[in-house]
Amino acid sequence: MTTVALALVKEVADAARAPRMLYLHWPFGHALGEPGNVAQQRTILHDMLSMARAASRPGLVIELPYRWRRETYPPIVDWTADSVAAVSVPPD
Amino acid sequence: MNEHNSPTRTPINPLSERILRWISGSGRGQAFGRLLSRLIALPQLRRLTASEIPWTPLVRPISEATVAIVTTSGVHLRGDKPFHLHSDSSFRVIPRDTKAADLTITHQAYDRTDALRDINLVFPLERLRELEAEGVIGRVADEHFGFGLSGSAKALLAPGRTVGRRLADAHVDLVLLVPA
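Here the protein sequences come in this chain order: A and B. Going by the numbering used here, the first residue of the first sequence is number 1, and it counts up by one from there. Going by the numbering used here, the first residue of the second sequence is number 1, and it counts up by one from there.
These are computed hints drawn from the structure, not numbers from a lab. Note that CB positions come from ideal geometry on N, CA and C, so glycine has one too. One thing to keep in mind: the hints can contain errors.
Residues from chain A shown here face chain B by an in silico Cβ test under 8 Å; the list is partial [unchecked claim]:
#: 1; residue: T2
#: 2; residue: V9
#: 3; residue: A15
#: 4; residue: P19
#: 5; residue: P27
#: 6; residue: F28
#: 7; residue: G29
#: 8; residue: A31
#: 9; residue: L32
#: 10; residue: L49
#: 11; residue: A52
#: 12; residue: P58
#: 13; residue: G59
This is chain A alone, in the form it adopts within the complex (with noise of 0.2 Å):
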């Protein structure tokens, strides 16, 4: 089976050695967001399911970019197309 992790703690992401992970600096109980923020949510699903697809090695942590209760989420147009964020490779 393929894996994707979300991960709150950058360091205990990079400890676990998961074959992929999308680290966010979000507080704990909310690894998906805000309470009723739909769009937010399904970014995040979107993101996941992007690197479950699109991600080039094992042991990827990527940080993805959503600074917490600031950003405002577009809806995602087409789910077939990778997002950006979640396939970016990190340089080592």
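Knowing the structure of chain A, use the given hints to seat chain B on it.
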């Protein structure tokens, strides 16, 4: 949201509840929470992780994939035995058609206020069902899995393997792992 469609919570010590609200609700609190998490998790992870990182590419398009959620946020069916609050490495099964009102959160290490208002923050099953209806994903798996708070990463290995086997037996293609 009224009480008829909201999840419930297993009560915890009121002082812990206040500390957790501080951890979630302020910059300093969040930094403190992350520090605690690092202190507890990092030494264990460094001991337990293998040198080789597992790798299973997705074998079919997302639009044909069966997707499951595993959450470590203490979510379980209201009728199931609650997790032990201090440490519990067991898991609970959550069927695909479960409504938010049928869920309980049993966890004492994060502020559950917002997750009780919208369970999708820690267990995005409703969102996943919408994506299935829209044809974005192939299928929502029949079974999803909730873990509670565990102080021991080692104690999670056996139940983790059991969950992995059950997901594989159910022909799940993609598992989304969601933390507390």
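Now for the hints, and whether the structure bears them out:
no.	hint	in the structure
1	T2	holds (5 Å)
2	V9	holds (5 Å)
3	A15	holds (4 Å)
4	P19	holds (6 Å)
5	P27	holds (5 Å)
6	F28	holds (4 Å)
7	G29	holds (4 Å)
8	A31	holds (5 Å)
9	L32	holds (5 Å)
10	L49	holds (5 Å)
11	A52	holds (5 Å)
12	P58	holds (4 Å)
13	G59	holds (4 Å)
Of the numbered hints given earlier, the model fails none.
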